[in-house]
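Trainee: If you want the building blocks of each chain, they are given just below.
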Amino acid sequence: MARVFVSSVINAEASAVWERIRDFNAMPKWHPRIRDSRIEEGLPSDKIGCIRNFHLQNGDMIREQLVGMSDYDLFCSYVMLEGPMPLWDYMATLRLTPVTDGGRTFAEWSAEFSCDPDKETDLTNGIATNVFKGGFDALKRHFGG
Amino acid sequence: MAKVIRSTVLPAPIEVVWDVLRDFNGHDRWHPAVASSEIERGRDADRVGSIRRFKLTDGSELREQLLTLSDAETAYSYCLFDTPIPLFNYVSHLRLMPVTDSDHTFWEWEGRFDTPADQHDAMVRLVGTDIYEAGFGAIRTHLGLES
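So the protein sequences, as listed, match chains S and V.
Residue numbers are given in the numbering used here: position 98 of the first sequence equals residue 98, and the series is strictly consecutive.
Residue numbers are given in the numbering used here: position 81 of the second sequence equals residue 81, and the series is strictly consecutive.
Extracted from the complex, chain V is given alone in its bound form (with noise of 0.2 Å):
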């Protein structure tokens, strides 16, 4: 099982950040690595159990499930179903807390699954990288915070 954390810090508040991030149907509007996104059979993306797809900006597709969204805690998780690459049983966590003495955000994303071990090290970096770290610059990008 591998696991990989990567957090950062945003100047802006907790709610502005939170406002973008908990539409589990939104990463199309930030997230570099991603194409399109629909919810299927037409659910609200905050029903917990609704399926996300993914088309990537590769033209690859994957399929993506809410399994825990809390406002109370600005969190949420979901696992991966379909997938191109080797990523198995991949269950992320995001979380935002609030940075009370500057008014800024501490997010966290965290990952794990299995992959085969020749495929260990590129995966970590495919998932800590391209995913999570592109995924801090792009909302700062987005949210026109300096970087």
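Extracted from the complex, chain S is given alone in its bound form (with noise of 0.2 Å):
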């Protein structure tokens, strides 16, 4: 089982953040990756089972399926239904914490999968540069530090 593991502190309150990024449906008002998304079937986007139809800049489609999320301890988990990379089981979590000194948030975005040893290293280091640290990066940006 591969392992991504990304992490950063904020500039803001988490509940700041978490407005920003609770909406299963928003990735492309807040990750530059992200091109356009959709809920299938016009279901509610914290309806937990809902899927995500989107496609990354380049014009790749994936699909994602909202497997937990909470209000009360910040996260959401997802798994991978369908997409471009030579990877399955994938099931990734982004969760925040305040950081009660500062008011700022600690985020982490990690994921598991499965893949063929010899294409680890480039999965997870896309996933983490990419999608994981471009997500925060953006965030980062967003908040002011």
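Please keep in mind that the hints were generated in silico from the structure rather than gathered at the bench.
Mixed in with the good hints there might be a few duds.
[As the list claims (entries may be wrong)] These stretches of chain S come out as covered by chain V in the derived footprint (C-beta under 8 Å, 3 or more residues):
#1 18-27
#2 92-101
#3 104-110
C-beta: ideal position from N, C-alpha, C; glycine also.
Combine both chains into one complex, guided by the hints.
Mentor: If you want it as structure tokens, here you go:
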């Protein structure tokens, strides 16, 4: 099982960061890598089990299903159903924790998946850098640090 | 049941911070409230179940038992047995997480306890400010980090 873990500190209250990322259909609004997104079957984007169907800037299509979300613990978990990457059993969690000292947010994004061993390094590096760190960098830019 | 959580980010790699915090018998070396610490029965400080006996700088004593210690999760938890102050059923969790994009460390310290209603605010302040936040500052000083 391959694992990816990326974390950062965002200069805003966790409630403000959560408001920006909570919507499972809102990736195009805050993540520069995502071009468009819709929730299949017109379901609400906070309904556990709903599927987001989105395109990356390069045109690749990905479908991901929301499997867990908490407004109390500030996390959301999802699995990938379909996508261009040679991996399977992909599950990821994006989680926020308040940093009480300074009103900041500790943000972590992690994933586990299976893949061919010779592709593991490229896949973990790509996900860590382009998806997770790219998302955090965008949030940091938005919140000013 | 009162719950207190305090957290901070230290500008140091997690290995460096964990190396200091992991020692259940080492708080007298960095926490300003702790004058001396010893583990009862001469047990190793990283044996789950071991009990540390603190003498505080004000002369009072307390005993705490290690409930969890995890190098994999860089975390431990402990409970308070004998105490001169009205903290009952006190259980504390401390965990570190790496901040990967800066090689810093996120540190969260949490306590839950019972206390009489008229003591609630004072005990929350004692735990949150005098123990946890003071501990953050003390580790910064101990490691020579900017505050």
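Trainee: Would you mind marking each hint as holding or not holding in the structure?
Mentor: Against the structure, the hints come out as follows:
Counting residues of the region 18-27 of chain S whose beta carbon lies closer than 8 Å to any beta carbon of chain V gives 0, which falls short of the minimum of three for the stated coverage. Residues of the region 92-101 of chain S lying with their CB closer than 8 Å to a CB of chain V number 5, which satisfies the three-residue condition for coverage. Coverage of the region 104-110 of chain S by chain V holds in this model, with 3 residues showing a Cβ closer than 8 Å to a Cβ of that chain against a need of three.
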